[in-house]
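For the protein sequence lines, the chains are A and B, in the order given.
Using my numbering, read the first sequence as starting at 1 and increasing by one per residue.
Using my numbering, read the second sequence as starting at 1 and increasing by one per residue.
Keep in mind the hints are simulated off the structure, nothing from the lab.
Given the structure is predicted, the values throughout are model-derived calculations rather than measurements.
Worth double-checking, as some hints may not be accurate.
Identical copies look the same in the list; a pair holds intra-copy or inter-copy alike.
[Unchecked claim] DSSO-like cross-link-like pairs, simulated, lysine-lysine; straight-line CA separation at most 27 angstroms:
#1 K66 x K295
#2 K356 x K48
#3 K263 x K429
#4 K66 x K16
#5 K295 x K72
#6 K133 x K48
#7 K306 x K322
#8 K167 x K300
#9 K416 x K429
These are the residues of each chain, in order.
There are 2 protein chains.
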Amino acid sequence: MSEYTGYDGNSLEFLKTNNISIGDSVKILADITYSGIIMPRYEHSDDKHIVLKLKSGYNIGLEISKIEKVEKNPSTEKIVEKNEKVEKNEHLPNILLLSTGGTIASKIDYRTGAVTPVLTAEELNSSVPELAKIANIDAKVLFSEYSENIMPMHWLKIAEEINQYSKSEYSGIIIAHGTDTMHYTSSYLSFSLAGFPIPIVLVGSQRSSDRASSDAALNLIGATKFLTECKTNGIFIAMHQDENDETIACHIGTRVRKNHTSKRGAFQTVGDDPAFLIVNNEIHNNMKTDFFTDKKFEPKIKINEKVALVKYHPGYDPSLLKHIIDSNYKAIIFEGTGLGHIGENMYSMVKMANEKGIFMGMTSQCIDGRVRMTVYESGRDLLDLGIIPLENMIPEIALVKAMWVTGNTENHDEIKEIMLNRIACEFSK
Amino acid sequence: MSEYTGYDGNSLEFLKTNNISIGDSVKILADITYSGIIMPRYEHSDDKHIVLKLKSGYNIGLEISKIEKVEKNPSTEKIVEKNEKVEKNEHLPNILLLSTGGTIASKIDYRTGAVTPVLTAEELNSSVPELAKIANIDAKVLFSEYSENIMPMHWLKIAEEINQYSKSEYSGIIIAHGTDTMHYTSSYLSFSLAGFPIPIVLVGSQRSSDRASSDAALNLIGATKFLTECKTNGIFIAMHQDENDETIACHIGTRVRKNHTSKRGAFQTVGDDPAFLIVNNEIHNNMKTDFFTDKKFEPKIKINEKVALVKYHPGYDPSLLKHIIDSNYKAIIFEGTGLGHIGENMYSMVKMANEKGIFMGMTSQCIDGRVRMTVYESGRDLLDLGIIPLENMIPEIALVKAMWVTGNTENHDEIKEIMLNRIACEFSK
Numbered sequence: 001m002s003e004y005t006g007y008d009g010n011s012l013e014f015l016k017t018n019n020i021s022i023g024d025s026v027k028i029l030a031d032i033t034y035s036g037i038i039m040p041r042y043e044h045s046d047d048k049h050i051v052l053k054l055k056s057g058y059n060i061g062l063e064i065s066k067i068e069k070v071e072k073n074p075s076t077e078k079i080v081e082k083n084e085k086v087e088k089n090e091h092l093p094n095i096l097l098l099s100t101g102g103t104i105a106s107k108i109d110y111r112t113g114a115v116t117p118v119l120t121a122e123e124l125n126s127s128v129p130e131l132a133k134i135a136n137i138d139a140k141v142l143f144s145e146y147s148e149n150i151m152p153m154h155w156l157k158i159a160e161e162i163n164q165y166s167k168s169e170y171s172g173i174i175i176a177h178g179t180d181t182m183h184y185t186s187s188y189l190s191f192s193l194a195g196f197p198i199p200i201v202l203v204g205s206q207r208s209s210d211r212a213s214s215d216a217a218l219n220l221i222g223a224t225k226f227l228t229e230c231k232t233n234g235i236f237i238a239m240h241q242d243e244n245d246e247t248i249a250c251h252i253g254t255r256v257r258k259n260h261t262s263k264r265g266a267f268q269t270v271g272d273d274p275a276f277l278i279v280n281n282e283i284h285n286n287m288k289t290d291f292f293t294d295k296k297f298e299p300k301i302k303i304n305e306k307v308a309l310v311k312y313h314p315g316y317d318p319s320l321l322k323h324i325i326d327s328n329y330k331a332i333i334f335e336g337t338g339l340g341h342i343g344e345n346m347y348s349m350v351k352m353a354n355e356k357g358i359f360m361g362m363t364s365q366c367i368d369g370r371v372r373m374t375v376y377e378s379g380r381d382l383l384d385l386g387i388i389p390l391e392n393m394i395p396e397i398a399l400v401k402a403m404w405v406t407g408n409t410e411n412h413d414e415i416k417e418i419m420l421n422r423i424a425c426e427f428s429k
Numbered sequence: 001m002s003e004y005t006g007y008d009g010n011s012l013e014f015l016k017t018n019n020i021s022i023g024d025s026v027k028i029l030a031d032i033t034y035s036g037i038i039m040p041r042y043e044h045s046d047d048k049h050i051v052l053k054l055k056s057g058y059n060i061g062l063e064i065s066k067i068e069k070v071e072k073n074p075s076t077e078k079i080v081e082k083n084e085k086v087e088k089n090e091h092l093p094n095i096l097l098l099s100t101g102g103t104i105a106s107k108i109d110y111r112t113g114a115v116t117p118v119l120t121a122e123e124l125n126s127s128v129p130e131l132a133k134i135a136n137i138d139a140k141v142l143f144s145e146y147s148e149n150i151m152p153m154h155w156l157k158i159a160e161e162i163n164q165y166s167k168s169e170y171s172g173i174i175i176a177h178g179t180d181t182m183h184y185t186s187s188y189l190s191f192s193l194a195g196f197p198i199p200i201v202l203v204g205s206q207r208s209s210d211r212a213s214s215d216a217a218l219n220l221i222g223a224t225k226f227l228t229e230c231k232t233n234g235i236f237i238a239m240h241q242d243e244n245d246e247t248i249a250c251h252i253g254t255r256v257r258k259n260h261t262s263k264r265g266a267f268q269t270v271g272d273d274p275a276f277l278i279v280n281n282e283i284h285n286n287m288k289t290d291f292f293t294d295k296k297f298e299p300k301i302k303i304n305e306k307v308a309l310v311k312y313h314p315g316y317d318p319s320l321l322k323h324i325i326d327s328n329y330k331a332i333i334f335e336g337t338g339l340g341h342i343g344e345n346m347y348s349m350v351k352m353a354n355e356k357g358i359f360m361g362m363t364s365q366c367i368d369g370r371v372r373m374t375v376y377e378s379g380r381d382l383l384d385l386g387i388i389p390l391e392n393m394i395p396e397i398a399l400v401k402a403m404w405v406t407g408n409t410e411n412h413d414e415i416k417e418i419m420l421n422r423i424a425c426e427f428s429k
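Please take these sequences and the hints and turn them into a complete structure.
See below:
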């Protein structure tokens with residue numbers, strides 16, 4: 001990294017004219033006065049902005065044409081150590097950062113306005129200098145995919161990689177991941193690596209790391225802080241709690257969902273508070289039990305993709321279910337209505353699936369609340385037809401669990417037993 | 001109805017011994033002191049409880065073995081008029097109550113503990129005597145189905161029935177409906193009857209009407225109050241706002257979802273406040289615009305069921321999509337991830353669907369927030385493949401809209417145009 005990495009044209013000219021460069025602590029007068037550190041930019045950025053990291057950890061882009069005055073803060077040293085690899089501090093814990101792609105490892109292409117996944121884990125690490133004060137970070141790129149392209153084979157790859165570190169010197173593992181399917185991945189890891197001795201936290205961002213207003217830095221800092229202080233194991237997702245930058249929420253990996261397309265606080269623990277909050281760098285533990293700490297670690301890293309998620313709705317054609325049955329699926333997770341219902345027009349197909357030995361579990365498209373199939377006649381009929389109510393499991397997480405369970409056993413009774421066995425906090429009693 | 005309808009064995013004995021009967025205003029000392037009116041019960045109730053309607057409108061069941069003392073309130077007249085049909089009050093507005101079944105028209109079978117749909121609209125009406133003070137209610141049973149068994153043909157039946165009353169003396173129409181699929185029905189009515197001159201409100205309950213703690217009475221009272229005072233047209237859903245009995249929320253019929261399996265406050269307007277609140281019998285208007293009042297009424301009561309809702313997830317097998325394409329579906333609503341994405345492994349099938357002229361719309365499984373497909377490369381690819389982003393339409397509502405649109409036209413350009421035309425508040429700009 002040079003003194004001006006990523007800057008060219010007008011923005012490079014601006015830095016040189018004002019005698020400032022990357023890592024300088026500055027005060028900038030524009031619409032208001034900003035205090036912060038000049039940050040590097042990435043290739044093909046526009047030449048109209050400079051990026052400033054504020055004390056909050058928040059990066060903002062300032063349009064140089066609107067800057068009235070720049071003042072270098074002469075008393076502070078440069079904070080980003082340029083052209084030098086950060087030396088390990090033996091008093092700090094060691095954290096492994098695995099990057100899989102996603103917005104957190106993306107940059108925006110200012111020519112097209114689109115975001116592409118290109119940052120390496122090293123770049124990600126060095127773009128957030130605060131991390132070096134909390135932990136020694138070893139970074140590694142596993143692959144580089146948007147999370148909508150993450151497939152179950154990627155889950156296996158991540159789990160197998162992590163499995164190698166069960167007896168390592170690391171205090172915890174961060175997985176940088178796209179947000180779209182982060183909760184699917186976190187639940188697969190929760191099941192396959194249940195009891196893993198150190199905590200694992202998936203972290204993403206809703207705005208790319210090189211972008212003004214990115215939430216990547218704060219999410220990474222929060223995740224790192226969490227890993228070094230949480231005193232538990234288990235698999236979590238760390239993201240902004242809401243739109244402000246004060247609080248990072250750590251959600252249990254099987255109880256979380258992306259509930260908003262674009263907000264920073266898009267992830268929510270369903271029906272409960274997040275397990276941990278990091279509020280202004282202080283960690284708060286909301287976990288009701290030490291659920292994870294007494295689990296024995298016996299990795300089961302297998303999967304079977306022949307599991308279907310069937311979301312019932314008025315007008316759902318039972319022949320679509322028949323096609324699934326005929327295609328040799330091993331399990332069907334229904335996303336029923338209300339307490340766990342599907343229309344009577346589905347019963348004959350459900351009977352057929354039951355006779356074929358296909359596991360059928362019921363969840364609710366309400367998302368929040370518990371499935372209860374003994375309240376109405378219709379629910380009782382479905383129980384008689386072999387559908388198993390899956391408590392308050394989130395439909396998507398029940399799907400992942402069924403993929404994992406049917407990947408590890410073909411025995412029908414065992415499948416049923418493990419589906420109803422609480423492996424990783426995926427339902428409450 | 002007799003003086004003791006529904007009471008037998010111990011509970012009948014109890015009433016007679018204490019010289020009280022249905023409609024009496026009483027004070028009862030048990031764990032605390034309750035004041036209210038003795039209510040009728042329905043056939044096959046147990047004989048261990050009596051049902052009291054509290055002033056709040058709330059019904060509770062009291063176990064007679066725990067009652068220490070009963071005092072009849074001699075100064076008040078019987079409030080339920082027994083064996084008499086309520087006379088019309090010409091100073092009150094007229095409301096039509098159509099019953100379609102569901103928990104609100106159900107009773108619990110105390111032998112099995114299960115709930116069955118059996119109350120007639122008349123029984124429903126007479127079980128809530130407060131209604132007669134707000135409006136003259138004409139009640140009619142359309143059919144009696146749990147809402148998971150409501151099919152698009154039932155939507156047509158309801159719409160056709162309502163369509164007959166476009167020039168009637170009614171101030172509004174209540175539809176008693178099961179809660180499971182109430183938002184699907186409300187959105188179909190919103191599209192097919194857009195501009196209907198009087199307001200329509202669907203109302204359900206999470207506990208059956210004859211049950212202690214039923215929310216049916218308050219929801220019905222709130223809905224009736226709303227219809228007589230709202231001064232708008234449009235299609236709404238009225239249910240408890242939360243667990244307490246103070247507030248009934250009226251949600252716009254296309255922006256609402258059942259978000260909890262069992263809570264009274266299960267229904268929520270997605271991403272916004274409910275349009276109206278009825279707080280302690282006072283009506284509060286939160287509508288940002290008079291959206292509904294200037295729509296021209298041109299009923300379009302047709303439907304095509306060949307529309308599929310495809311919820312994408314890691315491991316979704318594209319051959320399931322191929323089966324839908326091969327089965328001559330007219331439209332596919334994707335419930336994509338995040339801002340509106342599906343995996344690259346789906347692209348070839350999407351291309352095939354596009355070439356076949358199948359309408360494809362994109363919504364998000366996040367449920368809240370807007371689809372935006374221009375942010376990432378992958379979203380742009382999907383736009384190129386012909387997928388239409390459907391703003392912030394709720395996936396289930398987009399499905400119903402596509403069924404309605406493709407039922408009314410086969411012209412591809414027209415389908416696209418109407419899907420993106422705001423008919424009934426189904427998305428915001």
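Verification of the hints:
1. K66 x K295: The answer is neither: 57 angstroms in one copy and 46 angstroms across copies each exceed 27 angstroms.
2. K356 x K48: neither (64 angstroms within a copy, 45 angstroms between copies)
3. K263 x K429: For K263 and K429, only the inter-copy Cα distance (17 angstroms) is at most 27 angstroms; the intra-copy one is 31 angstroms.
4. K66 x K16: within (17 angstroms within a copy, 86 angstroms between copies)
5. K295 x K72: neither (53 angstroms within a copy, 60 angstroms between copies)
6. K133 x K48: Answer is neither; intra-copy 32 angstroms and inter-copy 68 angstroms both fail.
7. K306 x K322: both (14 angstroms within a copy, 16 angstroms between copies)
8. K167 x K300: within (17 angstroms within a copy, 66 angstroms between copies)
9. K416 x K429: For K416 and K429, the Cα distance is within 27 angstroms only inside one copy (17 angstroms; across copies 46 angstroms).
Consistency with the previously given hints fails for numbers 1, 2, 5, 6, ordered from lowest to highest.
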